[in-house]
Amino acid sequence: MDTSQAVLVRRPERWDQPLDPTMSDDDVRWLRTRGPFAAMRDDSFSKATPLLGILKNDCRIRRCQRGEILVRQGDYGQSAFFILAGSVRVSLERLPEESLGRPIPKRLSWRQAISQLWNRFPFAEVRSPAEITSHDQTRISAIDKRPTISLQDFSAVFHGRRSVGLGPGEIFGEIAAMYRTPQTATVISECEATILEIRWQGLRLLRRDPSFSAEIERHYRTHWLIPHLREIPLLRFLPEDVLQRVADASVLRSFGRMDWHSDFQKTRQLSANEQIQLEPLIAIEGNIPTDLIILRAGFARVSMIHGEGHRTTAYLGKRDLFGFTELAENMLRTEQSPPIPLAHSLRAIGFVDTLHIPAETFTEWIFPYVRRGEIRPSAGRGRDTSPLTEAAAPPNPASRERSERRVVPRDKPGEPISDPSTTHSQHVSTGLVEFLVQQRLNNGRETMVIDLDRCTRCDDCVRACATTHGGNPRMIRSGSTFDHLMFAQACMHCADPVCLIGCPTGAIARDEVSGTISIHEPICIGCGTCAAACPYQNINMTEVRNHLGQPYRDASSGLPILKATKCDLCHTQPSGPACQKACPHDALVRIDLSHLGPLDQWLGTRR
Amino acid sequence: MRKADPQPRLPITIDRPGDRWQCGFCESESPCARGPSADGTCCQATPENPCRPVRRWSAFRRLLATSIIAAGCGILLIAFGSPWRQDFLAPGSLTQSHAQILGGTLASQRCAACHVSAGQDWSAWFSSAGEHHRGTTQDSLCMACHHTTIQPSRGTLAHNLSDAELDSLRAFRDGLENNRWNSTDRALVQSVVHSENTIACAACHREHRGSQHDLTALSDANCQSCHRRSFERFSTTHPDWKQWPYMGRGTIAFNHQSHHGYFASKNLALDCTLCHQQTASKSNPVTSAASSKIIRVPSYESACASCHDPTLQAASAGGIAVLELPTLDIDALGDDSDEIPGDGSHGARWPAELTAADAFHISPLTAWLLSSDPQAMAAIATLSHSTYRPWEGSPTPAQAQAIGELAAATESLLQKLGTPLETLFVTSLDRQFAADIFHGLPPQWIHETAEAWLARFAVKESTDEERFESAASASPGASPGPLQGWYRDDLSLRLEYRGYGHADRVLIALCELASSSALEPQQREELRKLPIVSSCLQCHRKIVPGDRSGWRGHPPKPEQPSFTRFSHEPHLKIGQLADCTYCHRIEMQTNSAAALEPSDFLPLERVSCAHCHQPGGAGDQCTQCHRYHVEPIKKSL
Amino acid sequence: MMIHFRNRRMLALTLTLGALALFAFLHQRTENRLGHASFLSGGTLLACLVLLVFIAIRKRLVMLPLWSVATWVQIHIYTGIFALVVYLFHVPRIIANGYFEGGLSLLFLGVSSSGLYGLYVSRTAPRKLASVPGEYRFDQIAWDRKRLAQAAAEVLQQLEQSLAAPVLATFYRDHLHRYFATETPVNFILHPNSLRRKKLLAAMQELDRYFTDSARSAAGQLAALVRRRDELDFHYAMQLRLRLWVVVHSALSLVLLLWSLIHTFLVIGYL
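Protein chains in written order, with our numbering: chain Z, 621 to 1227; chain B, 56 to 692; chain F, 175 to 445.
Just to be clear, a hint being listed does not mean it is correct.
As the list claims (entries may be wrong) - List of simulated lysine to aspartate or glutamate pairs, DMTMM-like, C-alpha gap at most 25 Å: (1) B:K471 with B:E408; (2) F:K233 with Z:D1103; (3) F:K302 with Z:D1073; (4) Z:K886 with Z:D861; (5) F:K233 with Z:D647; (6) F:K302 with Z:E745; (7) F:K302 with F:E405; (8) F:K233 with Z:E751; (9) Z:K765 with Z:E745; (10) F:K302 with Z:D1220; (11) F:K233 with Z:D1073; (12) F:K302 with Z:E751; (13) F:K320 with B:E408.
Hints are computed from structural coordinates only; laboratory data are not their basis.
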């Protein structure tokens, strides 16, 4: 075989998969004349990605009917919406979930729960007709061959509720698209409206236009930055005006790629060194810290130079700090002692959105409001052996507590200051940290971890999961293994739930209080977007049957009705996660891996 | 640290772990979505592609568990349905004795010998006892056999004694001389699991513990579950014995100390075994010396006779005048006296031998014989209390009358002699005494004696010379001879008795008479002063007239039930204990006056027992020395 | 609420010993007072038995918030230890007299010993399993065996024809085919060891000099399959133990409960 001769193929291009293949050039030209696009200059964009190309491939014109639900509060979005014509109504109050088609499932009573033992069908995945289609307050229809979900009675939903209208030229949903944060309001089309949907890839490209980018950023800073800053525990004592100064001084930056999950299968095969090399650097070990870095979304790897390579010591998630300890030490040092450099490097895993607060701002406006007791000594001067759990300084240990009934308020302020880069975990080895990062298991907030040194392979967990789900378990007792820990195949209820992105009806959604991601089957249309998006393949599309075993089929197309199924943390069962309850040897646990603390603590009890 | 290769993620497939069958994965790589049905048939199976479902572990587990449970229930059903049900259910063998007795009964009835419910139907368990067994308790079933050794009515009482009996025992102990028990010691009964009067047999005697199980084995704690004052160790907290076993004086006033001194003066050792140990008797020389019995109160014959018989013989040598006609001063009555009974002739009714002017004296026994005659008793009283001195003058008319009456009464007494005693005495006590006194006398001899003496009453007046002649012609040798028995002195008109020695029946009766109210106190006193009587009474101090048991030597209150059993025999085998004084020490008193009093022994010291009776030595269990069933128990079957 | 295993063990042992001390005191006191101490110990045993059997109910009611099964297992273990010592008070001679009661004793001892064995194997087998590569679901082991056999057959099928091929084919036919085709042998289940595997691999190693490169690589693949099969056998043996004792333990415990109830009725009736 002559290996020097190449095989000629066509290189895959950026816009091989346009958002709307039916977008015509006429539409594009018309768009070019509307709104902000009219003011944009072509030379702002590169030749590879011209403005027209963006408009053609990364945009879609949606014609909406009255009552169509465009975005839902709490959903993750991947598109911004620009109103071309018509108006939409933004609800300022939280709309009841039933009106959006996804009623909060009621907890089963004890009697109902026990009756699951004998109300078992001999067939898998039995559903009643009510669970197949929603007939209540929403209806699902296809518009432009696009599944949509609409309110049955628009005025009834908004009656007595505060809302605001948005008209042509206004844009919404761009923050959620760019920064992977949940939507903050529900937006419903008020009348027949024409809306331009811009997916986030295009949005990022459009930000090359200075005015557009400034507009977006101004919008963010005006409406979202202060609330985001308020969520950070370090800044909780800052008064309003100081916080405004900090906000004005802070810089928003992004690293990495938002579509990390699409090529995750490839990158996880690489060795740790190669992976580290690929990751974009945010901060470099040995440099004098110039900014306090706060992570707003995504995950970042913290590593130290070790021999010829880099050793991962931790990973950071949302609202974690980097460089705080070094900056604080530098603040407190005397004039004679030299400034302390960064002890670790920071790299973006997947994508990371950061907030960089300059050191001067930190010195002047932030540090005075930090409790002295919450400052830990730097790890640069020798290994800090204090365990991670101690580093989690007071004030709110309740939020750290993992009770049997897993209710963990996320996205809520009040979590203690943690600077995991300067702390050392006793029981989590470097290899495990790197494994977690490599497999992106750090995304999981309810990762099913099985201690193989205690698991007797009895399958009680599988049976318990099956009992609570009509005989079919939502988990598999197998998965990637590191040393004696197995990370089993069950929905991890990720911190960064990529499965939520793209659900056309909002059937898959995160519960605001508990953080559980569950699927509301009546409005699930079985498109399989979530199953394809999940990088861990924890979502399964199943055929559903009635109690006689007959599969449901679509009346018009004759295709079998599929529903997405996955672990739901037994949120309707009185007991909470049945798998964890059922394990007789404390081998299985649903654990939050977005911080190393819980895992470290759990491993510490294994003696 | 082992890092596993990243495994490809498997999509979640249809996996129903609760089913009993799973797909056999015949030719396909993955199972079909349907899976086998509950009974194990596969819908996808075709003749070309036979898919055989495989049984899951849960099915195999169910099978195994069901078979084990079925086996367990099956055994029960078979056992309960078979005729060997009782043998199957019996919880272990009985003790040998019970097993042997019940061995012959049918298995179906064996349990009913002791268990009330065994004889009942199953349904009776859910209702009150059946009609046939109303009121039956297990105790009554025990008593059905054991009533010969324990009274059924007493079976459930504590120590088989009623509360009143226990109280009286307690009082007896408290009232003993030198009882130094404090008041706090008195209450011995404490709160218990069982009440005092309903202590079931099974409270202590638990069966079904194997054939060699000792039914009477009980721990110290068991015994003390009733006793409020509990004793931890025999050698430390067990109370001292104080009066036990001596318990005060017995019926025989025996003075160990004086005997000790006596033997010492003869240079002989006072060997306890001389008296207190019965050696092999002549009649049974086979009995070895080692099996000699220790007796607390030996018999007179074995212990005392060798020394005291000669003394008694000597004391009784003089004999006792049972019937001695009194000497009266008939002459003092004069010729013109009308008091003399008879035909009026002077001196016609009184023997001349008994006429004298002595001071009046009548022997106590003679007075007793006359006691049924009130006139005679009055006369005796008059004469006894008077200051009449015949040689000082004439008697007073009362005295003269008394003399006359007494003479007449004496004559009539003689006439009654030989007739049944009922004619002599009125009270039965007197008759009993008389019967005992005169039992050896042949009736004919009495008759002859009476006739001979009555003949003297009819003698005419004679001169002094005639009197001497008659006296000379009287039967010679009237003093008693060397042999025991009755003697007659015709000269002084006396009936004498010479005793046979110890335990002479007549002497017993005489001693009892000397202690009874049949005699006047003065006469009693006089009788007691007789040598033989005083000899008897020196040792036999507690004579109750009419109660012969008072003569026997026995410990005080022999009928008291004893909670303690003690046998000298095993102790005598130990060389050091062969000397009785190791435990029994005589309390030597220095006061000579008190020395004549019967002396006690010093209290037995517990420490001398505790030397050997230690837990690892001779044993210090309660049951070793104490018994629970306090009624006299015969040897068990 | 994560409590350290060591602390949990200390706490539970202390509680158990305390309960045992209290029981021993009450038992002795009842004996001294001429009570029926066997009623105390028997009643305690029956109560413990009922509590111990309750875990089976708890295991089935996974959907109710009744503490985790792991907590129940800890209670079960220490109650079982407590009951075992109380049993020694109740039946000092270990096996009671009489057929029925002797059978009852054997049942109890059987349940206890299977429970103790289960405790031992549950704590030792997982480590052994984790040290052997591979994770096999018990119910699918038969299928995995078949898959390995198929893979071995395929390797042989794809073997290039050469002079070396018949050597390997013969070896496969004589030894490997049976090795892959049969189930795990019973003596391996009772006493897992590596003798079988080592013998086969050594035999294959012996043949190495007869092989060409392609045959050698095929032999290497077959050797890897042999190792995989051995690991699977080991997993099967260990997991079978881990499952079998539960069946025996729970089935015997139900029979024990039944016999105990009958024993209780008899004792009360015949007292």
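Evaluation of the provided hints:
The suggested pairing of K471 of chain B with E408 of chain B holds, with an alpha-carbon distance near 21 Å, which does not exceed 25 Å. Our distance criterion of 25 Å between C-alpha atoms is broken by K233 of chain F and D1103 of chain Z, whose separation comes to about 29 Å. Proposed proximity of K302 of chain F and D1073 of chain Z is supported: the alpha carbons are some 8 Å apart, at most 25 Å. Proximity of K886 of chain Z to D861 of chain Z is assessed by CA-CA distance (about 48 Å); at most 25 Å being required, the pair is judged violated.
For the suggested pair K233 of chain F and D647 of chain Z, the alpha carbons sit about 63 Å apart, so the restraint of at most 25 Å is broken. Distance hint between K302 of chain F and E745 of chain Z is unfulfilled; the C-alpha atoms sit about 37 Å from each other, more than 25 Å. A hinted pair counts as satisfied when its Cα atoms are at most 25 Å apart, and K302 of chain F with E405 of chain F qualifies at roughly 11 Å. For the suggested pair K233 of chain F and E751 of chain Z, the alpha carbons sit about 29 Å apart, so the restraint of at most 25 Å is broken.
Restraint check: the Cα-Cα separation between K765 of chain Z and E745 of chain Z comes to about 28 Å, which exceeds 25 Å; the hinted pair is violated. This hinted pair checks out: K302 of chain F and D1220 of chain Z have alpha carbons roughly 24 Å apart, not beyond 25 Å. Taking the CA atoms of K233 of chain F and D1073 of chain Z, the gap is about 22 Å. The hint holds against a cut of 25 Å. At roughly 46 Å between alpha-carbon atoms, K302 of chain F and E751 of chain Z are farther apart than 25 Å, so this suggested pair is violated.
Restraint check for K320 of chain F and E408 of chain B: not satisfied, since their Cα atoms lie roughly 150 Å apart, outside the 25 Å limit.
In terms of the numbered hints stated before, the structure departs from hints 2, 4, 5, 6, 8, 9, 12, 13, listed from lowest to highest.
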